[in-house]
Amino acid sequence: MWVYVGRRLLLAIPTLLGASIIVFAMVHLAPGDPISAVMPAESSQAEIEATKRAYGFDRPLPVQYLVWLGRVAQGDLGKSVATRRAVILDVRDALANSLVLALSSSLLAFVLGMAMGLLAAFRQGRALDKLASAVAVVGVSVPHYWAGIILIIVFSVQLNWLPAMGAANDPGVVEYLRHIVLPTVALALIPLGVITRVVRSAALDILNQEFVLALRAKGLGARRVFSHVVKNSAPQILTVLGLQFGFQLGGSVLVEAVFSWPGTGYLLNLAIFQRDIPVLQGVILVLATFFVLLNLAVDLLQTLIDPRIARH
Amino acid sequence: MAVSVALVEAPAVAAAPMSYWRTVAWRLSRDRATLVAGGVLVLIALSAVLAPWLAPYDPSAGSIRLRLAEVGAPGHVLGTDEQGRDMLSRLLWGGRMTLVAGLTPVLVALVLGAGLGVAAGYVGGITNTLIMRTMDIFYAFPAVLLAIAISGALGPGLANTLISLSIVFVPRVVRVAESATVQVKGLEYIAAARASGAGVRAIVRHHLLANVLGPILVFASTQVSLSIILAAGLSFLGLGVTPPAAEWGLMLNTLRQSIYVNAIVPALPGLAIFITSMAFNLLSDGLRDAMEIRG
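Those protein sequence lines, which keep their order, are chains A and B.
Heads up, the first sequence is in the working numbering, so the first residue is 1 and it goes up one at a time.
Heads up, the second sequence is in the working numbering, so the first residue is 1 and it goes up one at a time.
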């Protein structure tokens with residue numbers, strides 16, 4: 001098992017390096033060069049060249065990459081071309097807000113999705129099962145940015161119950177909670193659909209195995225059978241929970257744009273329209289690193305719960 | 001249930017075993033949800049293709065006096081948008097754009113991904129390692145983030161949307177194609193074909209592809225809905241087609257400011273995305289069940 005853990009840890013390194021190459025390449029995907037886009041129109045050729053040198057854009061690509069990677073490894077993501085602030089500071093603040101939103105929406109989706117998936121499996125074919133299937137299909141089909149707008153129309157514009165935009169300016173807990181409700185619901189829809197579906201099918205797989213029949217034949221009550229089913233489907237359920245949490249963190253760009261929630265997605269959106277490539281790179285690199293580490297953690301946790309996985 | 005199925009199936013079995021594809025077609029013909037979804041998709045596709053003839057108005061001609069007319073307004077069945085343009089006409093034209101932007105990346109991924117995946121799976125060795133490890137790198141990003149990041153770096157435009165979404169979907173298809181190929185390659189009948197002197201090309205064409213394409217196609221069909229949501233999402237962020245073109249995501253974006261004036265009309269483009277993506281999901285679910293492909 002430890003060999004497996006070691007190998008899995010080592011495998012994460014090339015993935016992270018590869019991701020860093022993609023992020024680095026983004027500068028050169030951009031049309032024009034990153035400097036002239038933000039320089040005032042009247043600046044002279046000499047001024048442009050000087051700025052290029054200051055940012056290191058005049059050196060060969062592999063050198064630029066290594067220099068950049070070396071800085072990133074020390075936590076220096078460069079300076080925003082638009083605001084001249086250190087990118088790491090902006091990303092840190094935004095990441096905190098995104099984490100809160102990812103946690104709240106994941107929690108909502110996990111609790112509801114687990115409950116519906118398990119109930120549906122135990123009531124296979126009945127009304128509740130059909131409802132769960134409908135929720136699953138709607139959850140993965142609905143464009144969540146549109147769902148966010150619908151929530152705003154209903155709860156902010158028509159009913160005037162909850163605020164439509166932003167996080168609260170004054171840091172009162174109640175206001176903060178009121179602002180986070182709608183984005184949380186909008187962001188929870190996709191994982192809710194996915195989790196309901198996976199939990200239902202995982203529980204059904206176990207329910208159809210012979211040992212469950214044996215448990216029932218032994219006279220075990222419904223509640224004890226239930227606990228056996230949950231225990232046995234845990235590895236599969238855990239995987240989907242972990243992955244979905246990762247998707248929440250990186251996938252909230254559109255929802256954050258709808259609600260002007262000041263997280264990484266909002267920052268990314270801002271960076272794209274100001275053509276602020278260092279910020280764009282910083283946000284994506286930090287999110288990708290989180291995502292890779294989270295996947296790693298899920299894999300390792302899975303092996304811990306079910307050691308059979310390591311033998312494959 | 002089980003009894004009635006047996007009764008229907010029995011004569012067919014007695015006469016001649018149904019071919020795989022006839023069995024699939026027979027199963028699909030009894031699956032109501034899939035049939036309805038398929039019907040809805042045919043309607044959506046037809047209305048997109050026939051938009052120039054169906055649309056009652058020019059989709060980009062507005063009228064200041066007629067801004068944000070309610071649904072059911074005289075002459076404008078689905079109302080008008082924030083520039084007084086007819087919503088029905090714009091939704092019809094917008095569907096063309098959204099379908100092209102959503103379907104093309106999956107088709108590209110299907111061709112490129114199947115090619116790379118089958119090659120990686122069949123050849124194995126260092127080719128496999130090289131292709132598969134490269135694909136792994138793209139899995140370091142959640143799909144939405146990867147699409148927005150690449151589109152954001154490339155800038156707005158339909159071509160850039162197609163590029164960034166293709167980059168999202170190719171690695172996914174490669175993974176499925178590779179694992180299906182590795183599985184089939186290990187089966188005895190491939191070894192038998194090889195032993196009887198069949199060349200690589202004949203094996204891949206006649207024996208491998210026939211058994212690998214099914215799962216790949218079904219997987220690709222599950223990705224269409226996500227691709228449509230992402231394509232519309234990119235133009236919702238201002239990264240897709242540029243105004244004044246009609247596209248569902250872009251329409252949703254420009255109408256967003258008007259929700260305080262008119263609550264129904266701004267929701268319509270999103271409803272269109274929702275219905276289309278749900279129909280594709282139901283169809284691919286039905287296909288998967290009918291073809292008995294798990295996963």
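Because the hints were derived from the structure by calculation, they are not lab data.
You may find that some hints are simply not true.
Stated by the list, open to error - A few chain A positions that, by computed beta-carbon distances, are all more than 10 Å from chain B:
hint	residue
1	Ile48
2	Leu61
3	Arg71
4	Ala73
5	Leu108
6	Ser141
7	Ala147
8	Leu213
9	Gly221
10	Ala222
11	Ser227
12	Lys231
13	Phe291
As the list claims (entries may be wrong) - Below, in silico cross-link-like pairs of lysine to aspartate or glutamate (DMTMM-like), each with a Cα-Cα straight-line distance of 20 Å or less:
hint	chain 1	residue 1	chain 2	residue 2
14	A	Lys79	A	Asp58
15	A	Lys130	B	Asp289
16	A	Lys130	B	Asp58
17	A	Lys52	A	Glu42
18	A	Lys79	A	Glu49
19	A	Lys79	A	Asp93
Said to hold, decoys possible - So the derived label-pair ranges between C-beta atoms look like this:
hint	chain 1	residue 1	chain 2	residue 2	range
20	A	Phe211	B	Ala25	53 to 63 Å
21	B	Ala73	A	Val138	48 to 58 Å
22	A	Val212	B	Thr127	40 to 50 Å
23	B	Ala73	A	Ile21	47 to 57 Å
24	B	Leu213	A	Ala115	23 to 33 Å
25	A	Asp306	B	Leu187	41 to 51 Å
26	B	Thr127	A	Gly221	53 to 63 Å
Ideal placement from N, C-alpha and C gives every residue a C-beta, glycine not left out.
Legend entry - Index of numbered hints that the structure contradicts, given in increasing order: The structure breaks hints 6, 7, 13, 16, 20, 21, 24, 25; every other hint is satisfied.
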